Amino acid sequence: MTAPALVAILLFVEIPFLMSVLYSFTKWNGLDKAVKFIGIANYAELMTTDPGFGSAMIFTLLFTVLAVAATNVIALLLAVILDANIRGKNVLRAAFYIPNIISLIIIGYVWRFIFSRGFDSFGALTHLGVFQLSWLGDFHLVFFSVVLVTVWQSIGFYMVIYIAGLQTVPREQIEAAVIDGTGPVNRFFRITLPLILPSVTVAVFYSLSNALKTFDVIFSLTFGGPGTATTSIALDIYKTAFSDSRFGYGSAKSVVLFLLILAVTVFQLTAFKRREVQA
Amino acid sequence: MKRFLLTAGLIVLCGALLTGQAKTLKLFFYSPELTDQYNDMARAYQAETGITLDITVNQADYVTLLRAKLNSGDIPDVFMSSAYADNSTYKDYVYDLTNADFMKSLEPSALSGVTVNGRVTGYPFLVQSHSFIYNKKVFADAGITALPRTIAEYGAVAGKLQAKGIQPFATGYKEWWVLPQTAWQVLAPIRDSYAGGYAGFVDKLNSGALKFKDIKEMSTVFDVLDLIKKYGGPKPMESDFNDQCSLLATGKVGIGHQGNWAEGSILKTNPDASIGFLLGPVAGSASKAGIMYDSNQTIRVAKDGSNVPAALAWLRWLTTSAYGKSWIPDKIQQLSPIKGAKASSAQLAQATVNLLAAKTPSYPWFYQMFPTGTEQGLGIILQGYCAGQTNRQQTLDAMDASYTKIVNASK
Amino acid sequence: MNRRTLRGGRRPRGALAITLVMTALALIYLYPLILVVINSLKTFSEIMSNVVALPSRLNGENFSNAFTLMRYPNLFLNTLLVTCMGTAGVVLLASIAGFKLSRTRTRYSWLVFLVCVAPMMIPFHSFMISLVKIARNLHLTNSIWGLGVIYWGLGVPLSLFMYHGFVKTVPTDLDDCASIDGCSPLRAFFQVILPLLQPVTVSVIVINAMWMWNDFLLPLLVLSGAKKSMTLQLAAYNFFGQYKIEWQNAMAGVLLTITPAIIFYLVLQRHIIKGMVAGAVKG
Numbered sequence: 002m003t004a005p006a007l008v009a010i011l012l013f014v015e016i017p018f019l020m021s022v023l024y025s026f027t028k029w030n031g032l033d034k035a036v037k038f039i040g041i042a043n044y045a046e047l048m049t050t051d052p053g054f055g056s057a058m059i060f061t062l063l064f065t066v067l068a069v070a071a072t073n074v075i076a077l078l079l080a081v082i083l084d085a086n087i088r089g090k091n092v093l094r095a096a097f098y099i100p101n102i103i104s105l106i107i108i109g110y111v112w113r114f115i116f117s118r119g120f121d122s123f124g125a126l127t128h129l130g131v132f133q134l135s136w137l138g139d140f141h142l143v144f145f146s147v148v149l150v151t152v153w154q155s156i157g158f159y160m161v162i163y164i165a166g167l168q169t170v171p172r173e174q175i176e177a178a179v180i181d182g183t184g185p186v187n188r189f190f191r192i193t194l195p196l197i198l199p200s201v202t203v204a205v206f207y208s209l210s211n212a213l214k215t216f217d218v219i220f221s222l223t224f225g226g227p228g229t230a231t232t233s234i235a236l237d238i239y240k241t242a243f244s245d246s247r248f249g250y251g252s253a254k255s256v257v258l259f260l261l262i263l264a265v266t267v268f269q270l271t272a273f274k275r276r277e278v279q280a
Numbered sequence: 329m330k331r332f333l334l335t336a337g338l339i340v341l342c343g344a345l346l347t348g349q350a351k352t353l354k355l356f357f358y359s360p361e362l363t364d365q366y367n368d369m370a371r372a373y374q375a376e377t378g379i380t381l382d383i384t385v386n387q388a389d390y391v392t393l394l395r396a397k398l399n400s401g402d403i404p405d406v407f408m409s410s411a412y413a414d415n416s417t418y419k420d421y422v423y424d425l426t427n428a429d430f431m432k433s434l435e436p437s438a439l440s441g442v443t444v445n446g447r448v449t450g451y452p453f454l455v456q457s458h459s460f461i462y463n464k465k466v467f468a469d470a471g472i473t474a475l476p477r478t479i480a481e482y483g484a485v486a487g488k489l490q491a492k493g494i495q496p497f498a499t500g501y502k503e504w505w506v507l508p509q510t511a512w513q514v515l516a517p518i519r520d521s522y523a524g525g526y527a528g529f530v531d532k533l534n535s536g537a538l539k540f541k542d543i544k545e546m547s548t549v550f551d552v553l554d555l556i557k558k559y560g561g562p563k564p565m566e567s568d569f570n571d572q573c574s575l576l577a578t579g580k581v582g583i584g585h586q587g588n589w590a591e592g593s594i595l596k597t598n599p600d601a602s603i604g605f606l607l608g609p610v611a612g613s614a615s616k617a618g619i620m621y622d623s624n625q626t627i628r629v630a631k632d633g634s635n636v637p638a639a640l641a642w643l644r645w646l647t648t649s650a651y652g653k654s655w656i657p658d659k660i661q662q663l664s665p666i667k668g669a670k671a672s673s674a675q676l677a678q679a680t681v682n683l684l685a686a687k688t689p690s691y692p693w694f695y696q697m698f699p700t701g702t703e704q705g706l707g708i709i710l711q712g713y714c715a716g717q718t719n720r721q722q723t724l725d726a727m728d729a730s731y732t733k734i735v736n737a738s739k
Numbered sequence: 014m015n016r017r018t019l020r021g022g023r024r025p026r027g028a029l030a031i032t033l034v035m036t037a038l039a040l041i042y043l044y045p046l047i048l049v050v051i052n053s054l055k056t057f058s059e060i061m062s063n064v065v066a067l068p069s070r071l072n073g074e075n076f077s078n079a080f081t082l083m084r085y086p087n088l089f090l091n092t093l094l095v096t097c098m099g100t101a102g103v104v105l106l107a108s109i110a111g112f113k114l115s116r117t118r119t120r121y122s123w124l125v126f127l128v129c130v131a132p133m134m135i136p137f138h139s140f141m142i143s144l145v146k147i148a149r150n151l152h153l154t155n156s157i158w159g160l161g162v163i164y165w166g167l168g169v170p171l172s173l174f175m176y177h178g179f180v181k182t183v184p185t186d187l188d189d190c191a192s193i194d195g196c197s198p199l200r201a202f203f204q205v206i207l208p209l210l211q212p213v214t215v216s217v218i219v220i221n222a223m224w225m226w227n228d229f230l231l232p233l234l235v236l237s238g239a240k241k242s243m244t245l246q247l248a249a250y251n252f253f254g255q256y257k258i259e260w261q262n263a264m265a266g267v268l269l270t271i272t273p274a275i276i277f278y279l280v281l282q283r284h285i286i287k288g289m290v291a292g293a294v295k296g
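Residue numbers (the numbering used here), protein chains in the order written: chain E, 2 to 280; chain U, 329 to 739; chain B, 14 to 296.
Bound-form chain E, shown alone (with noise of 0.2 Å):
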């Protein structure tokens, strides 16, 4: 009964990445009809010659840290707000799920808009410092701008997420906790974050695994640039691959890329699992 399911996945997933398992051992435009083989020239230039990568690789490491950090902490405190049995918390919730339901690329080209003509408006009407910085243009400074935008069109998934954990956390728990005279953040240390620990591994693991692949905000927001600021590991692979006319070599940053995201994400899930059983 598993067949249909695997064919699928092998068809269209699998079958498709190890052939690009086997371009990335190639000199290969993407084009002509003759593939060379180099055997493994594509990844000692990947490890010794391309500084390319290595700052794309550096941009999405730190993408993935403030990322992961930013969307998970903002997510849960907005879960357990709006866990509470207040006033048209459903509304609320829905609220701040809607970026989430819009596509990434509308996502950029709507926030193209607001840091262009939007801020000016801003700047014009209020005259803060802030609407008159560059926050696409700033080769610093862009880089917040991205995870902004990244937080704030997933949020509302992982608050979902840490909603539906908090549900699982029996109430009689909490009020002896009251009872004993324990305050809130304490109780939401002691009690609440340990019960709710199966959420934090999901949320986490999908964060992880969607900030390392990230690509469509980037790629209508600022296009990796200006220069290589915001070229995250998928773009640079994507640019080598169409642009730069490299398909074996394109392919091999993407193995590259995916044993990244394997190791991390099999290390976090070993460890947050240790810490669950412990719990």
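These aren't lab readings, by the way, just hints derived from the structure by calculation. Because the structure is a prediction, the values reported are computed rather than measured. Any given hint could turn out to be false.
To be verified - Only pairs whose alpha carbons sit at most 25 Å apart, straight line, appear in this in silico BS3-like list of lysine-lysine: (1) B/Lys241 x U/Lys351; (2) B/Lys181 x E/Lys274; (3) U/Lys488 x E/Lys37; (4) B/Lys146 x E/Lys37; (5) U/Lys351 x E/Lys37; (6) U/Lys580 x U/Lys488; (7) E/Lys37 x U/Lys580; (8) E/Lys34 x U/Lys653; (9) U/Lys739 x U/Lys432.
Dock chains U and B against the given chain E, drawing on the hints supplied.
Just chains U and B now, with coordinates in the frame of chain E:
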């Protein structure tokens, strides 16, 4: 599930058969701003011949998509690319037009970019020009009568405009393609310094005998980029094509580096805008300041399909029919490569024609001779320079490294 | 059930203040989208002069422009077809396989499970060209149906992962029940097991439908932009390219593209959180 797959397969097959029978030519084009004009032409062609042109238009992902199509065997009958280096990029796929009768009706100068060893590999679609565009009203209001040609003169004009409270330049630096167009124009007279002109120059770069860091004119390139940035408003790195067009149209800036293709967008914002070309400053004497004028956008016929005769028939119609001859000057409002074609009434097309008639220097888009991929690669490196990510030396080193990699890969 | 009523019990102190603060925050949060709405009703010159100001008069002209220029009804139907077909296939394939793999505890089934969920780590860009090649050979390109079928392969891994986790919480005695009745295992699955998996099915539907509705690169590559078989996202993107200078029409186009997804979400909102409890968290 099996039955379903079967049905789905059948539907797909039927669809394929049906389109095979109908007289349809599949075209894959870029320049989405011309979509209306493409469709108008397709309607005219269908009315005259009964043949349907199925035109797909794309921009940002054009190259990706074209590659996926060529690669997977889903080859369009006709597609577009750049001239020069792209001649060899698509060599395995394009039909040789050397002996096509209608090619004789095209200006020989337009064919130089698509000719490799005497073989004509594509059909030049448009003749375009790029340089600095200025808003005539802004210049008049600021009392600027002498048009600038050197860096010093550009600096003086920019200072005057700024003193009047007008932002001198819209940079366009957010677009990776505006930067190299701006930069390479400065280098254009370099053809006089190398045996064999541009071909000799590019050969030396390709063989590694010449490095960007050894080209002394590069310092003028950086000077021009710096000047534009200095007078490019509070957020010079955020200015994109949109921004350039709307600011030029509304007279909020005086100058922007763009091509005649921007005219449509400028007039959409302000139908009364009055614009013209300035001569771009170059490394070298002021008399060499000029515009970049070439046919780069190229129509290619795919050689392996069964529709080659139909594609040739369409190109013949485009070159010789009454509609075809007037399509570019009247509808697209740009310059046509067809011999004896009438001039377009568009302002920038007219400006180009007048400048050429006055024997003003005009240069081909020689940077398209750099290997495919360098336009974007070097554009992004120059963008990094303008954003302050790298200094001049680092920029030159990065350009050399990137260029060498792409050359080696294309060998 | 019990837990829900308990949760409904007591409002925290300062509940009203929290509601007010959160409402203000939500408005700030959604302000970029509010700006889209405001500007979609303006004229071009109004947008150029001031983005924040309200339109001088309400007109739907931008919307009717975008509606006809994008050929909205056609594309809406296309997108709906892809989404429905893709999602239905994913639910079917993933639920059966997830159930089966969760119940069989052998080394072999663990391996199959790993093979099935490994794609969650594979970046799409690393295999897209080869994927298009394969799709082409299977005659799945340039067709809305073909695109739907390709989504099965791409959507199953995460969905299977979610089902696999949830099935662990379904007591095994029901499986036996079903098989004793003597019907075929597949029928038993549909009649007895699948209804029990309903909470996670809702999440799987929502996650997949949202993604397929919004996806860009795969439709771009597979449909290669042919007019007849375009999706809304492709049209919206081309629309920005063609009318890039006309913000007013583009903003209306943005709204027309995202509204169906927002409505879909609001209708299913209640179930989504329940499904997440069931699916993701126990995974």
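Q: Could you tell me which of the hints above the structure violates, numbers in ascending order?
A: Checked against the structure, the hints that fail are numbers 3, 5, 7, 8 and 9, while the rest are satisfied.
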